[in-house]
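**Q** Letter by letter, the chains look like this.
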Amino acid sequence: MFKNYITIALRNILRHKTYSFINIFGFTIGIASCLLILLYITHEMSYDRFHEKADRTYRLAGDAKIGNAEVATAHSPAPTAAGFRNEFPEVEDATRFFNPGEQVTRYQDKLFNETGLLYADDNFFGVFDFRLLQGDPATALLEPNSIVLTEESALKYFGTEPAIGEILTIGNDNTAYEVTGVVQNPPDNSHFDFNMLLSMSSSDRGESDVWLNLFLYTYIVLREGNSPEALEAKFPGLYQKYMAPQLQQFAGISWEDFEEQGNRIGFFLQPLTSIHLHSNLDSELSPGGNPINLYIFSAIALFILLIACINFMNLSTARSASRAREVGVRKVLGSARSNLVRQFITESILFSILATILAIGVVELVLVPFNNIAGINLTFRLFNHWWMTASLVALTILVGIIAGSYPAFYLASFKPVDVLKGENRVGKQSGRFRSGLVVFQFAFSIGLIISTMLVFRQLGYVRNKDLGFDKENVIIIPNINRLGNRVAAFRQELKEQSPIINASTSSAIPAHSGFGGTLFKAEPPEDTGEGPTFTEEDQEFNNFSADYDYLETMKMELIGGRNFSPEFASDSAAFIINEAVARRFGWEDPVGRDIYVTGWEGQPRYRVVGVIKDYHFESLHKDIKPVVMSLGTTGNYLMARIQPGDVNKTLTMIEDKWREFAPNIPFDYSFMDEDFDALFRAEQSFGRIVSYFTGLTIFIACLGLFGLAAFTAERRTKEVGIRKALGASVPQVVGLLGKEFTTLLLIANVIAWPIAWYAMSKWLQNFAYRISLSWWTFLVAGALALLIALVTVSYQAVKAATANPVEALRYE
Amino acid sequence: MIRTNDLKKVYTTEEVETTALNSVNLEINQGEFVAIMGPSGCGKSTLLNVLGLLDSPSDGEYYFLDQEVSAFSERQRASLRKQNIGFVFQSFNLIDELTVYENVELPLLYLGVPSKERKKQVTEALDQMAITHRKDHFPQQLSGGQQQRVAVARAVVGRPQLLLADEPTGNLDSIHGDEVMKILAELHEKGTTIVIVTHAPQYADYGSRLIHLLDGHVVTENLKGVSNA
Ligand SMILES: Nc1ncnc2c1ncn2[C@@H]1O[C@H](COP(=O)(O)OP(=O)(O)O)[C@@H](O)[C@H]1O
Ligand SMILES: [Mg+2]
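Those protein sequence lines, which keep their order, are chains A and B.
Residues in the first sequence are numbered from 1 upward in steps of one, following the working numbering.
Residues in the second sequence are numbered from 1001 upward in steps of one, following the working numbering.
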């Protein structure tokens, strides 16, 4: 019997090619989308699970509120690891590492800027399972000045020569490190990444016993059977024992008073495996994944599949007339209704199996481009994980059942006495249900069109928004301090070159790091003689230093007061502030006012000499915060505003100059506009993925509509023939057929608009600066969908309308 | 084998009521060959459908093989039907996607006949209808007469006790019509009970009994030969 079902199903697939193509194609795209997203989700969820002790490893994160400043950071202080090991028997192990920032690294004539350096405790490999290819994991990081390279860096410095025992020199002081091991490259699905591990004993920073300085990363392994909550409950005792005395010592305030003032400082534990997706603290080791995007992509993939299922339902019921006789005959021959339901579901499952096989091929094909767009590195190995295979099988069967059930029950309910009479009256009753499904498909498509348009409009908006300075044609050279006392000369040299309009050094540049944060006050602090007091009046502002040329180089607008000037010696104690500072302090006329830096030693006083227009020094996700600028020439960044035109030539010129000044230091640069664009890279790839999905969704929905229109046209062939015989024109007939679908599209718009409105307002809330949801976007999306649908339908309508009426009438 | 008592069938569609059968009392015995005649729309097909358990009556009693079946569920009717009743239609009603052989095999699949036995029975039925040489063809590749022979083969392959034929020759020319009628006569010889609806008096003569229907009523019941009078 089963063989009979398969035979007849296959023969039907071959015979009704358009119908089969629409269904199999839709299923294929739907299943391939789900498969891709499944791979994506799997990858995102697999982060850090490869460590053997992953399920009982936690990161110690810091949480503090001092005055108005609040931080949650991935950092913790140096002595916690030892403290935890000593105080808490349930702690099996604790390990630490810190990133020293960018360092120049040399081996013979090879010279690179390395960013992926970690100073790590000697038990690093006991907590994390990064496999050592050479060297002994127990001792590789024990001795001072030991270094373990990843395979990749070993290759970079030593080629195929053995690395062990070789010496690398690192940093401005050329400290020598001996290679003691080679470790596998950290896998993609790790929330931290490194090129080189240096022994913690090489740096004195690890020996710090200050509990109040959060600067490194601490990971803790709990013994089996211990809960992190139980451990966290013991933290307050630890604070009292270690932190309270230091608070008294350094800040002159008792723990109780400190807390009394509404302040706090403490730690909490984060499960290692949830850091990637669910942790979003300051000083994260890498940008985390976005669970919301995962939900959105999953929902879209499922909806695409659902739309393909709806096509199947619509087309199967629409063409049920062609199967009606078979149903009748089978029933006459004694088939029970359940046999028929089983038969038709077998058939739809067959469709989904064919589609799954194709989908696997499609995923293989699109994986590389998808990875590029999404900025990830997924791999697809079907039979590596039993659950991957199992979920694919489950998905296949589920698709078959969801798509096949309604048509199966519908077809199986035909009465043989009705369908065997020769004349076909079936297939009309399900019309309303089909219309409902079409409305759903198009409501979803229209919603996606609206969302895609808004995503791209928002991204265009942030890219073109006036930032308060000119980010175009600015080259940034970091690590300028590596030139030592020749910074000023280098800057001067650049300024004298004709393609360079201006050059400035600064400690921070927009879109980059470098902005410090500290506490400020508008009133003179009370001198209690006991050091600083942190009060509610303290405001946390960003601060940075820059030279006299900064405002001009950046093309920032001074709206009050003046720029720093060498004519005023007092400018060494002056601030230029942005409008946000004045707003925060409630100042009408800020120039000439004083600001006290309560966060700095001696709580020095600065005078406001100038006010600049608010400018975006952070991503446009965030509101413009208060920032103060002081005069300084020790900034680590050099910005050069260049003439537009032959940028490459200018760049080569700058590099040549750099080589003259610093032959032994690698030259690095970036363009300010690109750095800004990079802030929206996540949204950009999100937008692109959504737009591709939108295209697919519309295409599949239109395929369904195309098929449906074909059947409608066919069903109405006779009517069209009669109308034409009575003198109806071709446009009148096309209009007749188009009207039906136009109505459905209009209803779809009514449903889609409010939902898209709501969803997109939510999404736009991610941005402090955003476009407004204009009505025309909705109108354009609706019109676009209508246009696409009408083009799809009119092919069939025109075909029906231009047919010879004589042919049509003879057809019955 | 068949006995009806005041059998009634009313169709209700869109507020129109059609009484297709009205107080039909009938008895058909094992081994009979009954022909039903009457003008178009008088309820012949309806009667055949009810007798063949494709449809249930609106009222009255229907005894099939001594069981009261008028209130049977669809499932019960399907089960009784597949074991005892074969159908032949005017429009052949072969499944286009199945070959001749597969069409004939279909009832045996629903009966759950094991594959070896199935092969034997199908081959036999095809032989009997002299259509074996076409067993791998699809229905559209056959002439009308051949298609109807396949339909008859399919109707009898499960060896039903009762064969119902609704205008089996209606779509055939007289040569092919004669051929099909001869086959039915042969089956009757071998013991199958046959009820046939026909418009052609010469085919009605094959029957041992002739029933005339008019507006849902049985108007005459004649024994063989009487119609010629
Ligand atoms: N499914 C149905 N719904 C409504 N009326 C029907 C249906 N089938 C048959 N009829 C009506 O019942 C009457 C008898 O039909 P039928 O048994 O097909 O006649 P015959 O086979 O004698 O030509 C006719 O008036 C026909 O219109
Ligand atoms: Mg009839």
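These aren't lab readings, by the way, just hints derived from the structure by calculation.
Careful: at least some of the hints might be erroneous.
Claimed, not checked - Below, simulated DSBU-like cross-link-like pairs (lysine-lysine); rule was C-alpha separation at most 35 Å, straight line:
id: 1; chain 1: A; residue 1: K521; chain 2: B; residue 2: K1182
id: 2; chain 1: B; residue 1: K1182; chain 2: A; residue 2: K613
id: 3; chain 1: A; residue 1: K613; chain 2: B; residue 2: K1190
id: 4; chain 1: B; residue 1: K1182; chain 2: A; residue 2: K421
id: 5; chain 1: A; residue 1: K622; chain 2: A; residue 2: K465
Unchecked claim - Pair ranges (Cβ atoms, derived):
id: 6; chain 1: A; residue 1: K421; chain 2: B; residue 2: N1025; range: 22 to 30 Å
id: 7; chain 1: A; residue 1: K421; chain 2: B; residue 2: S1073; range: 19 to 27 Å
id: 8; chain 1: B; residue 1: L1065; chain 2: A; residue 2: K421; range: 26 to 34 Å
To be verified - If you want the footprint, here are the derived chain A segments under chain B, 3+ residues with CB under 8 Å:
id: 9; region: 202-214
id: 10; region: 444-458
A virtual CB, placed ideally from N, CA and C, is assigned to each residue, including glycine.
**Q** Could you grab the alpha-carbon distance between A/K622 and A/K465 and see if it respects the 35 Å cut-off?
**A** Status holds; Cα separation ~14 Å.
**Q** Hey, B/K1182 versus A/K421, does the alpha-carbon distance stay inside 35 Å?
**A** Holds, because 25 Å separates the two Cα atoms, which is no more than 35 Å.
**Q** For A/K613 and B/K1190, compute the direct alpha-carbon distance and say whether it is at most 35 Å.
**A** 107 Å, violated
**Q** Is the hinted pair A/K521 and B/K1182 satisfied, with a Cα-Cα distance of at most 35 Å?
**A** Since the Cα atoms of A/K521 and B/K1182 sit roughly 114 Å apart, the hinted pair is violated (cutoff 35 Å).
**Q** Holds or violated: the 22 to 30 Å window for the beta-carbon distance between A/K421 and B/N1025?
**A** 26 Å, holds
**Q** Take the C-alpha atoms of B/K1182 and A/K613, compute the straight-line distance between them, and say whether it is at most 35 Å.
**A** 105 Å, violated
**Q** If I claimed the Cβ atoms of B/L1065 and A/K421 lie 26 to 34 Å apart, would that claim hold in this structure?
**A** 27 Å, holds
**Q** For the region 444-458 of chain A, count the residues whose Cβ lies under 8 Å from any Cβ of chain B; is that count three or more?
**A** violated (count 0)
**Q** Given the hint of 19 to 27 Å, check if A/K421 and B/S1073 actually sit that far apart at their C-beta atoms.
**A** 23 Å, holds
**Q** Taking a Cβ-to-Cβ distance below 8 Å as contact, does the region 202-214 of chain A have at least three residues touching chain B?
**A** violated (count 0)
When each numbered hint is compared with the structure, violations occur for hints 1, 2, 3, 9, 10.
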